[in-house]
Amino acid sequence: MDLEERVAELERRFAALESAGPAEAPELGAGDFWALDGLKQQLAGAGAPDGGVLFTGSVRLPTQERYEWQYGALTDGLLAADWEQTAESFAALGNAVRLRLLREILGGRRTAAELTELEGLGTTGQIYHHLRQLTGAGWLHTPSRGRYEVPGTRVVPLLVVLAAARPH
Numbered sequence: 100m101d102l103e104e105r106v107a108e109l110e111r112r113f114a115a116l117e118s119a120g121p122a123e124a125p126e127l128g129a130g131d132f133w134a135l136d137g138l139k140q141q142l143a144g145a146g147a148p149d150g151g152v153l154f155t156g157s158v159r160l161p162t163q164e165r166y167e168w169q170y171g172a173l174t175d176g177l178l179a180a181d182w183e184q185t186a187e188s189f190a191a192l193g194n195a196v197r198l199r200l201l202r203e204i205l206g207g208r209r210t211a212a213e214l215t216e217l218e219g220l221g222t223t224g225q226i227y228h229h230l231r232q233l234t235g236a237g238w239l240h241t242p243s244r245g246r247y248e249v250p251g252t253r254v255v256p257l258l259v260v261l262a263a264a265r266p267h
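Per my numbering, residue 100 is the first one in the sequence shown, and the count goes up by one each step.
FYI, nobody ran anything at the bench for these hints, they're computed from the structure. Any given hint could be a false lead.
[As the list claims (entries may be wrong)] With beta-carbon atoms standing in for the labels, derived distance ranges:
no.: 1; residue 1: E218; residue 2: T241; range: 19 to 27 angstroms
no.: 2; residue 1: Q169; residue 2: T223; range: 47 to 55 angstroms
no.: 3; residue 1: D181; residue 2: Q225; range: 39 to 47 angstroms
[What the hints assert, rightly or not] Derived pair list, reagent style SDA-like, types lysine to any residue, alpha-carbon separation capped at 20 angstroms:
no.: 4; residue 1: K139; residue 2: L178
no.: 5; residue 1: K139; residue 2: E103
no.: 6; residue 1: K139; residue 2: P161
no.: 7; residue 1: K139; residue 2: N194
no.: 8; residue 1: K139; residue 2: T174
no.: 9; residue 1: K139; residue 2: L160
no.: 10; residue 1: K139; residue 2: L192
no.: 11; residue 1: K139; residue 2: D149
no.: 12; residue 1: K139; residue 2: E187
Every residue, glycine too, gets a C-beta built ideally from N, C-alpha and C.
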């Protein structure tokens with residue numbers, strides 16, 4: 100079974116858990132490794148002795164937009180990949196002003212005018228510089244002139260990166 104088939108099976112299982120209703124849905128942080136157990140079953144069935152990773156999320160933003168997404172990758176593919184290609188993406192997130200801009204955009208402030216009105220983000224030119232960095236790295240896109248959005252396929256990964264970077 101290839102990675103796409105395994106991910107599709109995990110999506111099917113996740114949908115079944117969601118349709119079971121809140122009473123039967125697993126509680127996050129309760130020590131139950133339901134996602135990990137499902138991933139390990141998929142990896143064993145696919146003959147992936149080195150394992151893999153899976154991240155997934157079901158998100159409702161303050162704007163009431165909903166995103167559901169998951170992604171899985173095999174360990175050997177991740178370790179063999181060219182990590183230098185991801186440096187720009189991480190660099191774009193490695194700035195407090197850019198992270199604040201992403202938070203504000205996810206919260207509903209989408210236009211350049213709204214963003215430049217915020218205190219503590221610097222000059223208009225500096226804000227546009229940060230927006231260009233985020234856009235160039237794929238964390239933002241511009242559906243229309245002067246309007247910024249986090250692409251739907253980047254909402255859950257952004258939150259996963261933020262959760263992974265938090266001290267545990």
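Legend entry - Violated hints - listed by number, lowest first: Violated hints (numbers, rising): 2, 3, 6, 7, 9, 10 and 12; every other hint is consistent with the structure.
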